[in-house]
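Take these sequences, add in the hints, and give me the full structure.
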Amino acid sequence: METTVVKALTLLEALAFSDGPATLTSLAQTCGQTKSNTHRLLKTLEECRYVRQDAQARTYEPTLKLWELGTRFFGRSNLRAAAAPHLLALAKATGESIYLSTIVDDEVIYIDKVESRHAVRTHVEVGHRAPLYCTGTGKAQLAFSSEETIDRICANLVAYTDNTVTNPTVLRHQLAEIRARGYATTCGEWRPGVLAHAAPIRGLAGIAVAGISVVGPEERMRRADAEAQVDALLEAATNIAEALGLTAAEPVAPAPN
Numbered sequence: 001m002e003t004t005v006v007k008a009l010t011l012l013e014a015l016a017f018s019d020g021p022a023t024l025t026s027l028a029q030t031c032g033q034t035k036s037n038t039h040r041l042l043k044t045l046e047e048c049r050y051v052r053q054d055a056q057a058r059t060y061e062p063t064l065k066l067w068e069l070g071t072r073f074f075g076r077s078n079l080r081a082a083a084a085p086h087l088l089a090l091a092k093a094t095g096e097s098i099y100l101s102t103i104v105d106d107e108v109i110y111i112d113k114v115e116s117r118h119a120v121r122t123h124v125e126v127g128h129r130a131p132l133y134c135t136g137t138g139k140a141q142l143a144f145s146s147e148e149t150i151d152r153i154c155a156n157l158v159a160y161t162d163n164t165v166t167n168p169t170v171l172r173h174q175l176a177e178i179r180a181r182g183y184a185t186t187c188g189e190w191r192p193g194v195l196a197h198a199a200p201i202r203g204l205a206g207i208a209v210a211g212i213s214v215v216g217p218e219e220r221m222r223r224a225d226a227e228a229q230v231d232a233l234l235e236a237a238t239n240i241a242e243a244l245g246l247t248a249a250e251p252v253a254p255a256p257n
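Everything in the sequence shown is counted per full-length UniProt numbering, starting at 1 for the first residue and increasing by one.
I should point out that these hints are in silico values taken from the structure, not numbers from a laboratory.
What you are looking at is a predicted structure, and each value in this text was computed from that prediction instead of being measured.
Check each hint, because a few of them may be wrong.
Unchecked claim - Cross-link-like lysine-lysine pairs, in silico, BS3-like; alpha carbons within 30 Å at most: (1) Lys43 to Lys92; (2) Lys65 to Lys92; (3) Lys43 to Lys7; (4) Lys43 to Lys65; (5) Lys7 to Lys65.
To be verified - Pairwise CB distance ranges (calculated): (6) Asn163 to Glu47: 47 to 55 Å; (7) His39 to Glu115: 25 to 33 Å; (8) Asp106 to Lys35: 29 to 37 Å; (9) Gly245 to Ala176: 23 to 31 Å; (10) His39 to Glu227: 30 to 38 Å; (11) Ala226 to Ser18: 44 to 52 Å; (12) Asp151 to Lys35: 25 to 33 Å; (13) Ala119 to Leu9: 47 to 55 Å; (14) Asp105 to Lys35: 48 to 56 Å; (15) Phe17 to Gly245: 21 to 29 Å; (16) His39 to Pro85: 28 to 36 Å; (17) Asp19 to Thr161: 45 to 53 Å; (18) Thr169 to Thr25: 39 to 47 Å.
All C-beta atoms, glycine included, are put in the ideal place defined by N, C-alpha and C.
Have a look at this one:
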């Protein structure tokens, strides 16, 4: 007996393998479902941002959320093992704490780290969650996320410090700048006195599957050779992507409004 979940997955597969936008009638026929059931499932999938409807053409198509999920899963499957030697090399090159993270439920979750050799250093536990829009590694990944993700994050910006960006227009412009240069720099936006350089690890269609960051106390980071740190950071991100077998392409994230 087919469950609602099975029917929804069958519908998603039909959309994914369609040659283009599909009508309600064609989807119902392909999936062997009634039009009323198909319409109800499409509405649910649309609410969950997996499907987009063209009201004028009366057609449906999948959103980039499917691609984004698949890309992130592929990248995470061997992420820690692939990244480990490059995190160590980056920590040795910079002398600062290195963090590896990915996006889960619109937040950053830290999945590995190498701590700084300095007595005074930043500290975030593996498994800890943090906001996407005000952490270095979060911003680096958000800039190379789907339009739907960016819209969703921009709709709920909460201040953590005086430096947190809570204006959606300003944040979108910052994300555009990050896309242009390939890395993010944040200072005191989530935690006061902490400066970070971060880069995305990009996969299919340019979507970020993870991020890495060089993080330290602001005073010491400002005395360091920022250009050398960023060069080492970008090299590590590229090496991790290559170790995962990912090929970066042009970003799919939109230009700022």
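These are the hints, each one checked on the structure:
For the given pair, Lys43 sits about 51 Å from Lys92 by alpha-carbon distance, which is inconsistent with the 30 Å threshold. This hinted pair does not check out: Lys65 and Lys92 have alpha carbons roughly 37 Å apart, beyond 30 Å. This hinted pair checks out: Lys43 and Lys7 have alpha carbons roughly 13 Å apart, not beyond 30 Å. A hinted pair counts as satisfied when its Cα atoms are at most 30 Å apart, and Lys43 with Lys65 qualifies at roughly 16 Å.
Of the supplied pair hints, the one linking Lys7 and Lys65 holds, its CA atoms being roughly 19 Å apart against a limit of 30 Å. Distance hint check for Asn163 and Glu47: the Cβ-Cβ separation is about 35 Å, which falls outside the suggested range of 47 to 55 Å. Range check, His39 to Glu115: about 54 Å between beta-carbon atoms, so the 25 to 33 Å window is missed. With their beta carbons about 34 Å apart, Asp106 and Lys35 fall inside the hinted range of 29 to 37 Å.
One distance hint, 23 to 31 Å for the beta-carbon pair Gly245 and Ala176, holds here, with the actual separation near 29 Å. Restraint check, His39 to Glu227: a C-beta distance of roughly 56 Å breaks the suggested window 30 to 38 Å. At about 48 Å, the CB distance of Ala226 to Ser18 agrees with the hint of 44 to 52 Å. The hint said 25 to 33 Å for the Cβ distance between Asp151 and Lys35, and at roughly 30 Å that hint holds.
Between Ala119 and Leu9 the Cβ separation comes to about 53 Å, which falls inside the hinted range of 47 to 55 Å. Roughly 33 Å separates the CB atoms of Asp105 and Lys35, a value that falls outside the hinted 48 to 56 Å. Hint check: Phe17 to Gly245, Cβ distance near 24 Å, so the stated range 21 to 29 Å holds. Roughly 51 Å separates the CB atoms of His39 and Pro85, a value that falls outside the hinted 28 to 36 Å.
Take Asp19 and Thr161: their Cβ atoms lie about 49 Å apart, and the range 45 to 53 Å holds. Judged by the Cβ atoms, the range 39 to 47 Å given for Thr169 and Thr25 holds: they are separated by roughly 41 Å.
The structure fails hints 1, 2, 6, 7, 10, 14, 16 (numbered hints given earlier, in ascending order).
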